[in-house]
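Colleague: Residue numbers (this note's numbering), protein chains in the order written: chain A, -10 to 272; chain B, 987 to 1362; chain C, 728 to 1025.
Accuracy of the hints is not assured; some may be wrong.
Coverage of chain A stretches by chain C, computed from C-beta distances (three or more under 8 Å per stretch; other residues unrestricted) [as the list claims (entries may be wrong)]:
{"hint": "1", "region": "44 to 53"}
{"hint": "2", "region": "91 to 100"}
{"hint": "3", "region": "145 to 154"}
{"hint": "4", "region": "166 to 177"}
Below 25 Å or equal to it, Euclidean Cα-Cα: the simulated BS3-like pairs (lysine-lysine) are [what the hints assert, rightly or not]:
{"hint": "5", "chain 1": "C", "residue 1": "LYS748", "chain 2": "B", "residue 2": "LYS1174"}
{"hint": "6", "chain 1": "C", "residue 1": "LYS748", "chain 2": "B", "residue 2": "LYS1074"}
{"hint": "7", "chain 1": "C", "residue 1": "LYS907", "chain 2": "A", "residue 2": "LYS98"}
{"hint": "8", "chain 1": "C", "residue 1": "LYS993", "chain 2": "C", "residue 2": "LYS980"}
{"hint": "9", "chain 1": "C", "residue 1": "LYS749", "chain 2": "B", "residue 2": "LYS1174"}
{"hint": "10", "chain 1": "B", "residue 1": "LYS1348", "chain 2": "C", "residue 2": "LYS962"}
{"hint": "11", "chain 1": "C", "residue 1": "LYS907", "chain 2": "B", "residue 2": "LYS1174"}
Only part of the chain B face toward chain C is listed, based on derived beta-carbon distances under 10 Å [as the list claims (entries may be wrong)]:
{"hint": "12", "residue": "GLY1160"}
{"hint": "13", "residue": "LEU1161"}
{"hint": "14", "residue": "LEU1162"}
{"hint": "15", "residue": "LYS1163"}
{"hint": "16", "residue": "VAL1228"}
{"hint": "17", "residue": "PRO1229"}
{"hint": "18", "residue": "VAL1338"}
None of these hints come from the bench; they were simulated from the model.
Here a beta-carbon is modelled for each residue, glycine too, at the ideal position from N, C-alpha and C.
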Amino acid sequence: MSGNNNDNWLLRVRNLTKIYGEPDENTLNLTGPEYNSNICPATESIVACADISFDLYPGEVLGIVGESGSGKSTVVRLLHFDMEATAGAAWLRPYADGGINILQESGQKKRFIRNYLMGMVYQNPRDGLNFRFSSGGNIAEKLIMAGNFHVGSIRDRASMLLEKTEVPVRRMDDRPSSFSGGMQQRVQIAKAIANNPPLLFLDEVTTGLDVSVQAKVLDLIRELQQDLGIAMIVVSHDLSVIRMLSDRTIVLKNGRIVESGLTDQILQDPQHAYSQLLVSSLL
Amino acid sequence: MGYVAVKGGSDAIHNSRELVEFYRLKDATTPLDIWQVRSQLRLAVDKVMGEGGLYGPEYAALALKQSEGDVFEAAFILRAFRATLQRKYYSLPINTREMFIKRKISSSFREIPGGQVLGPTRDYSQRMLDTHMADEESAHVRQFLESFAAKIDPARLAEITTYGKVIDLLKEEGLLKAVGNDEDTTLKDITREAIKFPAPRSARLQMLARAETGGLMALGYSSMRGFGSVHPTVGELRYGTVPVRVKDIKGRIRYIGKIEVTEAEMIAEMKSSSKKAIPYYSIGYGLCFGQNDTKAICMGILDRAMRSPDSSSPPNDQEFVLYHTEGIESLGFTNHLKLPHYVTFQSGLSNVRAAVQRNGEKNPKKTEDTHSLQPA
Amino acid sequence: MIANKKYTNTFNFAFIDEATKKEIRRKLLKAVAIPGYQVPYSSPEMPVSRGWGTGGLHVTLAVIGREDIFKIIDQGSDASVNACNLREFVQRMTGCRTTFDTTEATLIQSRHRITEEELNERQLFIFQVPQPEPLRGVERYENRTRQMHGEADYARMWVSLYESFVRYGDIMLGAGYPVKVNDRYIMAPSPIPRWDVPNLHQSKALFLFGAGREKRLYAVPPHTRVEPLEFEDVKFNIENFSGSSCSRTGYKKAFLDELYLDDGSKHHVINDSNFLDKLSEKAEAKQHSNKYLNQLGA
């Protein structure tokens, strides 16, 4: 729980909420895990997530687990500014020393935060990569936006990142459309860490890959995390992925947090009925 | 043979202008009377007025004569003429319920208030070339007009009346939902402001109203064939004259004359996002000068298509439709390729030559092979 | 039926009505105040086809005065047919003196070239622009390019230059090379050859750009930084005419046209027709100087 090292947080999130449609004052009270529903019976609005609060510490990996519709992807997409939150706030220590709610910043400032302080890897590589550019070009985009205008050093860094993510460097000038799914994911990862961001989001990054490929990508992520000490938020419906990567975990159901704590604790002694269900179905 | 400075540009264009005039007159035929053009090429005049954006039938006829029948040129001439005129008023919105109906049909219902009035249309004629027209003379014209007049019995003429609209019936039943938002009710004058996207509805409809008929037709057609999502029904198509009114400086409303317009209200079903809500109808609207069924119908199709949330198909994409159906701009830019581009070309040439050379340095073998092909 | 005497009367001075002139001037002032930023304007139709210089004409006719001396060139030549047509129109509508002489002119309208001869602080240089949006090649929607300029989000532009280098060994942009103006906006300088781009930088003259069809005006005020987009190690360079010289004057340091004569032989001739005439007659002609030109031998 977020009791220790209270002031050392890297990312602080409070009451993050996203509702689609036209909610009324009862909407939040009529939805959630007790009702087993995200949909408000009165207004038909959909509560994708509500009252999400947590702290993330530097170098820590936080897992967010839940089934489809639990709101887990929504949480990271809101924090990455892919969509606008309905309510809630978030503060990032490296930005204005954590004093400004990043969800309310202007478009230009949000882009600055995304370029310099965040990395994101999506389940579908088409969401994170531009397929009209080469894989090196995709990485170059991040480096250029961070102020690097030297082609030689851009290519050096891109080669280094591709090496690190085990993508053959000779394919640096090829477009991602010619790569396998696993390799596309690795290019995404290389791009996401290009600027050494303190925070990395991983949204279902291995879902849809072959099991053997999954294992390799997960290994890679773990290695990178240990090497670079990046704080990560790992979203997955698969508890085994969460178990492998995360230090702490929050469990979402119908858009709300039902349980949170050290990953090991939740796995050994789940408290909420839903967490128990998840753990018991773990292979 | 040294280089000769080409100073004859002026002469060349003067000569080409004179040549154009020669081509127009070389057969020494009787000069066209503007009134003849206006009267017997009525639909060409209507098209030119619509695309020129100016209701002035004689001026459109003059432009057609000047351009030797090139409808694109004529619309351009009219548009350029219009730009020299001062705008004195914005008229009040015309009310097509006041229309003196010349044609009124609906495909959505078999019977409508006032009945289906075919009016003057070639829709149900056979398009067979009529060679008798080659020998038409004034006597034939007079004879036809006399016998036509004889068929009309003044005692049996109905009173002049106006007709309610088909969409009013749908509205009464609650089947039509209002479209648009606050921005959509503001008037933007596209002749005074550059259009920016997303464009409000008044700007979109203005651009469609002046758009080139063929461009609208192509995109409307593509929408119906699956490149978009709209296959509507003609709720009502009307052609006739409507009064035009303006407010004078003292705020009084004044009638200044009447114009002919064609109006189409295309009915399309609107999918609702909410599960429980009832589906309803929405209208795609088209209005243009003169008699031009095709343009009004396609305007309606595209008005509706551009409101579709899925803008991945060309007819649903505002920027695609509005930029590329603008006839005067398309005409200009496609034809501008005829202008000299040799410096631009030269600049690119220099790059390509350098790239080829770099490739030659990287693959010296290739260069050797080429050499071996040269004659001894 | 048409009781119209309009065409027998004289037009308003400079053809465009005063209200529209005012609008264009206001927009030009805004453009000068924000170097490189595209200002939307009404762009009324002209009796000249879209894509054939209506934007340039709008600017010229909005700012021209009775004492102005007007020069117009197309691809460097005063005698080019479209330049002749537009010159006649402007002359007819203003009664102004026209000239082929670059030094004499106070207002120069140009399609796709800057004069070889240096410009001074008394001169306005007006470009005809086909595509004002430098990002159009990487983003087709006006909606999004507007936002990209607003947020100075030029990443995609830069990556496209990087990709060009990776694929072809160099940035393969020819005419109309994108530039950064006053360290803020990326601007399309109109399809002038790279040869001319350095002459936009810190010029004494005022540069005005008119894109009639696309309805945008923009400007580069005098003494403004204009820098072609380049990487630290992949640099901008001008066209290379090494080995060629003008067959009429022997001069090498000007933009040269490639000509193919009837007998199949290839010749080069100075593109700027007035500059060529002056050199041929051994008259005085002070050329622009910039670091790229200075590197070349005489």
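Colleague: So, for every hint listed, does it hold in this structure?
Modeller: Taking the hints in turn, this is what the structure says about them:
no.	hint	result
1	44 to 53	violated (count 0)
2	91 to 100	holds (count 3)
3	145 to 154	violated (count 0)
4	166 to 177	violated (count 0)
5	C:LYS748 x B:LYS1174	holds, 20 Å
6	C:LYS748 x B:LYS1074	holds, 17 Å
7	C:LYS907 x A:LYS98	holds, 21 Å
8	C:LYS993 x C:LYS980	holds, 18 Å
9	C:LYS749 x B:LYS1174	holds, 19 Å
10	B:LYS1348 x C:LYS962	holds, 21 Å
11	C:LYS907 x B:LYS1174	violated, 33 Å
12	GLY1160	violated, 35 Å
13	LEU1161	violated, 33 Å
14	LEU1162	violated, 30 Å
15	LYS1163	violated, 26 Å
16	VAL1228	violated, 22 Å
17	PRO1229	violated, 22 Å
18	VAL1338	holds, 8 Å
The structure does not agree with the numbered hints 1, 3, 4, 11, 12, 13, 14, 15, 16 and 17 stated previously, though it agrees with the rest.
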